[in-house]
Amino acid sequence: MDALILSRIQFGANISFHILFPTITIALGWVLLYFRIRYNRSGEQRWMDAYMFWVKVFALSFALGVVSGITMSFQFGTNWPGFMEKVGNIAGPLLAYEIMTAFFLEAVFLGIMLFGASKVPRWLHTGATFLVAFGTTMSTFWIIVLNSWMHTPAGFELRDGVVFATNWWDIIFNPSMPYRLAHMLLASGLTVAFLIAGLSALRLLWGEKGHGVRTSFRTGVIMGAMLIPVQIFMGDLHGLNTLEHQPAKVAAMEGNWETGPNVPLVLFGIPNEETRSTDFEIGIPNGASIILKHKPSGVVPGLNDFVADDGTIQHPPVAPVFYSFRVMVGTGFAMLFLSWAGVWMLRKRGWEPGDLPKPYLLMMVPMALSGWVATLAGWYVTEIGRQPWLVTGVMTTKEAVADVPPVMVLSTLIGYLVVYALLIGAYISVLLYMARKAAKAEAIPNPRRPGEQPLPVPAE
Amino acid sequence: MEFLGYPADQWLPFTFAALMGLSILIYVCLDGFDLGVGVLVPLADEAEQDRMIASIGPFWDANETWLVLAIGLLLVAFPTAHGAILTALYLPVAIMLLGLILRGVAFEFRVKAPYKWKRAWTWAFFAGSLLTSLAQGYMLGLYIMGLISTPLTIGFALLCAVFLTVGYSFIGAAWLIGKAEGDLQSKAVNWCKGGVWGLILGIGAISLASPFVSTRIFDKWFTGPSLIYLAPLPIISGLLIVYIWSALRRLSVNPNKEIWGPFVAAMALFALSFLGMAYSFYPYVVPEQLTIYESASAPEALIIILVGTLFVLPTILAYTALSYYLFRGKATELRYD
Chain A
0 MDALILSRIQ
10 FGANISFHIL
20 FPTITIALGW
30 VLLYFRIRYN
40 RSGEQRWMDA
50 YMFWVKVFAL
60 SFALGVVSGI
70 TMSFQFGTNW
80 PGFMEKVGNI
90 AGPLLAYEIM
100 TAFFLEAVFL
110 GIMLFGASKV
120 PRWLHTGATF
130 LVAFGTTMST
140 FWIIVLNSWM
150 HTPAGFELRD
160 GVVFATNWWD
170 IIFNPSMPYR
180 LAHMLLASGL
190 TVAFLIAGLS
200 ALRLLWGEKG
210 HGVRTSFRTG
220 VIMGAMLIPV
230 QIFMGDLHGL
240 NTLEHQPAKV
250 AAMEGNWETG
260 PNVPLVLFGI
270 PNEETRSTDF
280 EIGIPNGASI
290 ILKHKPSGVV
300 PGLNDFVADD
310 GTIQHPPVAP
320 VFYSFRVMVG
330 TGFAMLFLSW
340 AGVWMLRKRG
350 WEPGDLPKPY
360 LLMMVPMALS
370 GWVATLAGWY
380 VTEIGRQPWL
390 VTGVMTTKEA
400 VADVPPVMVL
410 STLIGYLVVY
420 ALLIGAYISV
430 LLYMARKAAK
440 AEAIPNPRRP
450 GEQPLPVPAE
Chain B
0 MEFLGYPADQ
10 WLPFTFAALM
20 GLSILIYVCL
30 DGFDLGVGVL
40 VPLADEAEQD
50 RMIASIGPFW
60 DANETWLVLA
70 IGLLLVAFPT
80 AHGAILTALY
90 LPVAIMLLGL
100 ILRGVAFEFR
110 VKAPYKWKRA
120 WTWAFFAGSL
130 LTSLAQGYML
140 GLYIMGLIST
150 PLTIGFALLC
160 AVFLTVGYSF
170 IGAAWLIGKA
180 EGDLQSKAVN
190 WCKGGVWGLI
200 LGIGAISLAS
210 PFVSTRIFDK
220 WFTGPSLIYL
230 APLPIISGLL
240 IVYIWSALRR
250 LSVNPNKEIW
260 GPFVAAMALF
270 ALSFLGMAYS
280 FYPYVVPEQL
290 TIYESASAPE
300 ALIIILVGTL
310 FVLPTILAYT
320 ALSYYLFRGK
330 ATELRYD
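Residue numbers (numbering that gives the first Met the number 0), protein chains in the order written: chain A, 0 to 459; chain B, 0 to 336.
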């Protein structure tokens with residue numbers, strides 16, 4: 000294996016591991032602010048209980064996000080020096096603004112948010128929670144701007160092979176940015192909604208009956224049910240935007256080889272790049288044409304358009320994009336079904352999660368990680384779908400890679416993979432342990448700060 | 000875009016080199032003490048370990064962000080230098096990153112995982128802190144040697160790895176003198192006494208080695224009048240070390256006075272050494288190969304960043320100060336409520 004493929008695997012592994020944690024903290028910060036404000040206004044202990052459980056998850060996820068993010072900032076230099084040399088004049092300012100407007104804000108106020116509740120006035124603690132949530136969202140904004148610019152570059156000119164900015168407004172609000180940003184923020188919201196619902200379902204199954212867990216469960220399910228239709232709509236808009244700017248990616252997502260009308264929506268199949276066709280195809284006639292062009296006779300681009308006369312392939316590898324897309328969409332529909340079913344059943348049962356049927360709660364438990372699955376799959380679609388380009392039409396991935404001995408990249412890659420596997424294992428087991436501890440501890444009254452009486456446990 | 004009569008491609012790279020230098024210095028001082036606390040952890044018992052880690056709890060994350068800013072400024076202002084330096088330091092960077100990952104997560108896992116795993120995570124916290132410090136010292140040493148790997152330069156880099164780790168442990172212990180009470184505080188005074196030799200040797204070795212690696216640096220220091228107006232650097236450093244030594248002696252007798260003395264003096268010492276290094280290497284960002292003027296990004300890109308920096312950096316400093324003010328005084332148990 001050469002340094003290019005090893006560096007790509009390494010970057011892919013790093014960024015996949017990294018995105019798991021910001022995906023949680025971006026939206027969880029706002030959920031914590033919501034819990035905190037509800038508590039400030041009502042004084043009801045259940046909101047504080049929910050806050051106290053989830054702030055621990057936040058702290059843990061945040062730490063994992065920070066350390067894996069530091070890794071990312073070094074990878075540009077160690078493995079992809081060509082990237083900054085060519086597009087540094089644009090990528091540089093965007094990354095600098097991310098660090099300056101987001102990283103410090105979240106890092107400093109996180110300390111106050113986590114450990115300052117007894118040291119600062121309530122408004123300052125609530126304010127710190129807001130600033131942390133705001134910081135994570137600012138960070139999302141800047142990094143999505145840069146990522147989108149790499150997909151749909153605008154507002155620049157090339158001089159002697161180096162990119163120079165000509166219009167910062169066009170760079171920031173590049174064609175795919177609004178769609179990608181909305182899609183990612185919603186993805187984070189859904190990840191957190193299902194994490195909260197799933198882990199709370201597990202706590203309910205383990206016999207926890209407190210107000211905190213029931214409030215958390217309701218919040219998660221309702222949040223999921225509200226966000227998922229918006230996300231499906233947003234995903235569709237994003238797809239249409241991709242069709243306009245990166246048709247090869249959409250062709251790979253659809254598994255469509257020949258450009259033409261009446262293209263079916265392939266539900267399942269095995270893309271075969273040897274024969275340039277999709278084996279065992281099961282599809283809905285005219286489906287892709289209707290979704291992408293809103294009429295059966297709509298012409299949908301095919302992969303064969305992206306092969307040069309000398310046979311060079313100029314489209315992304317089909318199979319990973321094709322499968323990832325189906326995993327993402329499938330997970331999305333599972334979210335839609337389970338969250339709406341949940342809200343419907345909760346309504347019938349007086350919004351009492353404890354009365355929900357056990358099989359439903361059991362199904363919600365693995366959904367705790369559904370957001371991770373869908374988010375990763377979605378990122379694989381868009382990032383693998385960009386290949387062979389690193390910055391569409393400006394530079395290929397191959398041009399950016401460092402001339403580092405492959406064996407060195409391989410050894411660091413193995414190091415990262417081992418550490419990441421251990422950490423994901425530790426993270427999930429600690430989430431389970433915290434849930435278990437919460438479920439067990441509930442019989443024993445918690446020691447609280449003086450002046451704060453625990454609410455009596457209601458008879459159930 | 001002239002400024003004080005200098006054209007934009009002169010004053011912008013200089014300004015950014017200064018900003019990057021400032022970030023590195025703040026990083027070394029701030030993360031230095033919390034890395035040092037991590038290195039010292041095995042010397043304490045469990046209750047003391049909890050207290051030590053609690054003393055850095057609200058700060059470590061923001062401290063590490065200065066590293067991200069420093070490397071970010073290198074990346075955005077001097078992209079070719081960023082690539083050259085980081086590919087030359089590929090392995091130590093990877094080791095440092097693994098170290099940073101280990102200690103950052105261990106911090107959380109230690110208290111959140113089941114109790115039976117706590118010792119293991121404490122070790123991970125120690126190992127991560129140690130690896131990070133050693134890797135940073137190694138990189139510093141290799142940078143001084145012009146990023147060239149020969150047995151001799153690697154030997155020097157290994158020596159620097161040890162010295163920087165001792166230096167970090169020293170400011171870690173000095174931090175604990177201010178933050179801890181009772182037995183732990185007396186222990187910290189002793190750790191400082193044990194570490195002060197490493198501090199002297201480290202700064203001495205780096206100061207002596209740089210001029211002999213490059214005749215350019217030698218000439219900058221030892222020809223003409225520069226010797227005279229640079230003289231305050233070594234003289235003040237010497238006085239600071241004398242002060243640290245005497246303050247530590249007084250602290251062993253009365254642990255309530257001058258508790259921040261050694262810490263502040265050590266910070267000043269780090270700052271002076273850093274100034275000396277900056278003077279030696281200027282205008283090079285990759286030693287003897289690439290100057291800040293050759294590797295700077297386009298002035299249009301730099302000015303965009305600078306405008307934001309002028310607003311944001313004072314704000315960052317202000318709320319960082321707020322955080323240190325809120326969590327002032329002796330370290331207490333870390334609680335979420």
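Calculated directly from the structure, the hints in this document are not laboratory data.
Given the structure is predicted, the values throughout are model-derived calculations rather than measurements.
Keep in mind that the hints are not guaranteed to be accurate.
[Said to hold, decoys possible] With beta-carbon atoms standing in for the labels, derived distance ranges:
#1 A/Thr395 with B/Gly328: 54 to 64 Å
#2 A/Phe232 with B/Arg118: 43 to 53 Å
#3 A/Asn39 with B/Gly328: 23 to 33 Å
#4 B/Ser245 with A/Lys118: 26 to 36 Å
Note that the Cβ used here is the ideal one computed from N, Cα and C, for glycine as well.
Hint by hint, here is what the structure shows:
no., hint, in the structure
1, A/Thr395 with B/Gly328: 54 to 64 Å, "holds (56 Å)"
2, A/Phe232 with B/Arg118: 43 to 53 Å, "holds (51 Å)"
3, A/Asn39 with B/Gly328: 23 to 33 Å, "holds (27 Å)"
4, B/Ser245 with A/Lys118: 26 to 36 Å, "holds (35 Å)"
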